[in-house]
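Participant: So the sequence lines, in the order shown, correspond to chains A and B. If you want the numbering used here, it's the 1-based position in the first sequence plus 42. If you want the numbering used here, it's the 1-based position in the second sequence plus 3.
Worth flagging that the hints you see were computed from the coordinates, not collected in a lab. There's no promise every hint is true.
To be verified - Label pairs and their in silico Cβ distance ranges: (1) A:R255 to B:R77: 51 to 57 angstroms; (2) B:P76 to A:P258: 52 to 58 angstroms; (3) A:S220 to B:R16: 22 to 28 angstroms; (4) A:F203 to B:P198: 49 to 55 angstroms; (5) B:F242 to A:A315: 15 to 21 angstroms; (6) A:Q202 to B:L63: 37 to 43 angstroms; (7) B:G185 to A:A265: 55 to 61 angstroms; (8) B:R16 to A:V97: 18 to 24 angstroms; (9) B:I228 to A:P258: 56 to 62 angstroms; (10) A:G228 to B:P76: 38 to 44 angstroms; (11) B:V15 to A:F203: 39 to 45 angstroms.
Glycine included, C-beta positions come from ideal geometry on N, C-alpha and C.
So you can see what is in the structure, the chains are spelled out below.
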Amino acid sequence: MRSPLAEKADSMHWSVGRGSPRPTLRQLCHDITRNWLAYAFVLPSMAGVFAIILVPLVQTVAVSFKRYYILDILREAPPFVGFANYLTILGDPQFRFSLWLTVIFTFACVALTMLVGLFVAILLDQDFPGRGIVAVAVLVPWVIPRIASSILWKWIYDDQFGILNHMLSSIGLRSFASFPWLARAGPAFWAVVVVVVWQSFPFIAVTLLAGLRTIPREVYEAAEIDGAGFWQKVVLISIPMLRNLLAILIVISTIWDFKVFDQMYVLTEGGPAGSTMILGIYTWMMAFGRLQMGLASALAMIMFVLVMAVTVLYLRLFMREETM
Amino acid sequence: MRKFRVRRAGVVRYCTLYVAAALVLFVSLFPFLWMVSTSFKPPSETFTRVPRLIPVHPTLENYRIVLGETMIPRYFLNSVYVALLTTAISLVVAALGAYGFSRFRFPGRSPALLMILSVQMFPSVVIIIPLFIVMRNLHLLNTHYSLLVSYTTFTLPLCVWMLKGFFDGIPRELEEAALIDGCSKFGAFLRIALPLSAQGIVASAIFAFIGAWNEFMFAMTFINIEELKTMPVGLTSFFGRFTVEWNPLMAASVLFTIPSLVFFVFVQRNLARGLVSGAVKG
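Please model the complete structure; the sequences and the hints are all you need to start from.
Facilitator: Put into structure tokens, the structure is as follows:
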């Protein structure tokens, strides 16, 4: 015999609503009253997410179909223009350039971050005296706020007195004596890639290290007996066993690096002459520099669709790893 | 003979490891040390052809300038205020939500969780335009409310997700025991689950705080009154005035970094665990 109290406790956790495919209104009401406490718990967060993320998202869609020039709307309501904003954007050579640039930027950042992260994780997975110090030091770039580290790197890249040029010229590369890193298109682009990689590799390294630690040592020992060398163990055991984690990290990094704004804004502001104008910067400038909110919203929606495509991939991978 | 070979292999192994470790140490630490070093140097040692890492005549002058002659203290306090309030709001709301998702199975749960997961991925530039328009219509531009509202957006989903991970780790039997002893369901949450997930709450609080502390785009867009600016925006306003005074700017950057650094030391031990179990499971 179960006591009523135990049943009360049971019902708290496993109060499963009826999962019929097409709930009637009555059933819905029933479900809600049955689970009222659950809904009361999650209501504030869901309301927040709705009000501050989903509602604005719908509004962005709406604005993207209007000619919304901020100085005009003081006088008249913004007129509906259909897909005109999207057509303007798609025909805009700067947009095509920015899109391309963003793809290359994202790819470069993700590839380098993963390589450096994996390298550091493998290093920290080894046992050697002093490992602890390296493990803590590695996290420092991650801890410095993005804006502070962007400013710091701007100082490192300074053409006249920056330490980078000093180091390069003191090892004999005289041509770098006053090289303007941030004032030339190619170097400025790669300079920002370096800053982004520098800031994001610690997270990748720490997460991969936690993953590496879950691989049973016996597997490596078995491989050693079979005569596997160090790199063979990495390539044939560690990487395959971390496949899922690596996939998730690659997808997350892709999403993060696609959205980069702060570092690029502080270091180059999209310059010189728009040559580092990645999509995030371009959209922001369109909205708050040129005040063309309609065009900017169309740009934002295009960014959104691209990010969401990658996010779907992320969710798929994530669900496979974890049952919610 | 064999012993010698093993020893030589060991030496090679250690050499490679230490060369790699030294390289990693240099790359991770040098830029940071350079920032600290510049902040303690007089300008004469900065604008020189032979820079040194350790200042010859270390000085606190840059910090005196930053704290006494600039708006930095104001920006700093604004940042503290906005970040603390954001943290408090997101924590209360997120703890409730996370507990709901962790302990109850109800219709709509999976789609809601999926939404919370995907919302974390939104580029902020996608929602900044309508938020700007709404804030303008409500006359909330140039107030800290505009920042509180938008920062909560980004910290809330992350906090819900992290805390859910922590609640999932607490055995349900503990709350069931409390229920049998006559505790209400909300009481079980308040008296059993919350105290047991203290670590998770601290971790989420720190992530929320640092998220708000670092935020730049919204702060730059919504606030253009000097007295209300936050640190990230305040720091960038050093540029564009004549030549950049790197020494005070580095001193200000060090001050800006200190809170994250302190928090980081605080959670360092649980950092990887919290992240891996809460955000990405390996």
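Participant: Which of the numbered hints above does this structure break?
Facilitator: 1, 3, 6, 8
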